[in-house]
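These protein sequence lines are chains X and D, in that order.
Heads up, the first sequence is in my numbering, so the first residue is 1 and it goes up one at a time.
Heads up, the second sequence is in my numbering, so the first residue is 1001 and it goes up one at a time.
To be clear, the hints were calculated from the coordinates, so they are not data collected in a lab.
Model, not experiment: these values are computed from the prediction.
Glycine included, every Cβ here is placed at the ideal spot set by N, Cα and C.
There may be inaccurate statements among the hints.
Said to hold, decoys possible - Using C-beta positions, here's what the derived DEER-type ranges look like:
(1) X:W242 - D:E1248: 43 to 53 Å
(2) D:Q1021 - X:F142: 24 to 34 Å
(3) D:E1253 - X:L327: 42 to 52 Å
(4) D:S1151 - X:N82: 53 to 63 Å
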Amino acid sequence: MDFFSHRVRKKARPTPSGRALCSAAGSSGAGPDGGAGVRSGGVKTGSRGLPPLNRQPFSSRRGEKADSEGGSAGPGAGRLKNVALAALFPCCALLAWWLLGRWHVLNPYLTPPPGEVLDAAYASLLSGELARHTCISLARVFAGFFLTAALALPLAAALYFSPAMERFLRVPLEFVRITPPLALIPLLILWLGIGEGSKLAIIVLASFFPIFLNAIDGLKNTDPRLLEMAETIDLTPWDTFWRVLLPSSLPSVITGLRIGFGYSWRALIGAELIAAAAGLGYMILDAEELARTDRVFVGILVIGALGYLFDAGLSRFAAWMSRRLHLAKGR
Amino acid sequence: MAGVRVSGLSKRYRAGGRGVQALDNVNFEVESGSFVAVVGYSGCGKTTLFRHIAGLERPDSGSAEFFESADRPGGDRSGVGRSSVDQSGLVRPRLGMMFQEPRLLNWLTVRENLLLALRRTTLEDREGAVREALAQVGLGDFGEAYPDQLSGGMAQRAALARALCRRPDLLLMDEPFGALDALTRLQLQAELARIWTTRPMTVLCITHDIGEAVILADRVLVMNAGAIVDDRAIDLPRPRRWGQPAFESLRKELLDIILDNNIN
Ligand SMILES: Nc1ncnc2c1ncn2[C@@H]1O[C@H](COP(=O)(O)OP(=O)(O)O)[C@@H](O)[C@H]1O
Ligand SMILES: [Mg+2]
């Protein structure tokens, strides 16, 4: 809906038909979601869009100028365009979903319309059930994730420093790496039951290798010229690790953590689908057994959205870290 | 202070399927406290020689060793710069090394880069030593800058400051001013000559600028194809000036030696 308001505003300025477009979109938006957003966009256009409209022929950089004079607090035209572009597909999909439902193309029992899914989300939000399942899944994934990081990062450092250890562990590690974690679920359930233990094990298995391998890669890709320099200033191995190896491999480590988190999340939901009494994966399975497709959709959307949010957060963190460490340019 | 003794040093590299004799039985001795320039065509083995002296490379045969000797008379000791002697009786000089590239840590400020180089020294006033070294190379105001905020020349000066702040007794410099503009180069040459006369240290300096070698060094070693082909004392009085007749004739003489060697 953010997208709609942006697009409407942009369109509204250069062409007088902009308002017509927005009102048309507004009237067609019956869902509480899309409708509200479009309408707010329309209001903005009407009240603020007009003055810059008159000046446009005299302004050479009209997009930017219109933005600032229109008083829309915010990003420049370029960024606006990127946001709009990124939001285009989800919005179109939503619209198509809604329209297909309305035109009775989709079977409402198999694919309930967006409004119904929203109602189901609202209901499970009110009952606290959504929050409970989400919290349980998140708690599992964070516990597993930190456990994995605590295992994989020191092991990566150890293998970097000890070639003998690397040779010793290469075969078993390769064996575990190549085996899909989901293939181990039956065994894990037999060994650890369907409690938290088996779920933690799945997460660790799924996220260990991206974290571990990226960390090793980061360490190995440290500029050997800097390590030589460290040698000429008599730096101890300890200092060399903290001051040279670690900062230089940090971006790679963070990339590994980011990929590992995505893997944990996916593997956990899989594990919860197979054997669990709570969590988002269980919630989906439970809803399916009760033929509550609306709740299945709620589960899927929450899983996807949370995964996306955490990934975006980690990716921003990685970019910030690179800037903070001045790693963009090397010399 | 440490003198350097290189004896029978040889090193062969494999590069692209064929062998390269980077060093071919190199022998020379550098008196403690002297300033020696090493000149020669690129690829003749200068950097390889320095890497062996700095202990970054294992020789195929021969060795580079250090020896402790009496201080140069008149030099200011000020309690720093003494080589340590380990259990096996080998002298380990405090090294100041300047590579062809600055090799600064991008994630530390210039000041932190220098402080890191002092971490394993016994120096008392580290912040003071860092400030002094930065001032000497004209980077007094850039201690808090990050390396990626410096120009190439400034980064190289920061690397010089990092080598100097350690109060080294052996300073190895690999084409230290090659990347600098001509004016900065003259300025830093003068500064280096001044630092060397006020503090005793042995300096080995690779340069492709014969004038720079003549203006700075007591002695010039000419290398060609992995071997020392000429060894010339420069006994011009200090401070030296560009354009002096004695300076110019020495410069021309050395240039001729190098050019002759390439024809052979
Ligand atoms: N690590 C290496 N591997 C292979 N060949 C090398 C290596 N280091 C130097 N060489 C070769 O040794 C020769 C001398 O190199 P170098 O000492 O860097 O020359 P200079 O510093 O005088 O320009 C060159 O031919 C170079 O190709
Ligand atoms: Mg070289």
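Here is what the structure says about each hint:
1. X:W242 - D:E1248: 43 to 53 Å: holds, 52 Å
2. D:Q1021 - X:F142: 24 to 34 Å: 59 Å Cβ-Cβ, so the 24 to 34 Å window is violated.
3. D:E1253 - X:L327: 42 to 52 Å: This hint holds: roughly 48 Å between Cβ atoms.
4. D:S1151 - X:N82: 53 to 63 Å: violated, 33 Å
In summary, the numbered hints that this structure violates are 2, 4.
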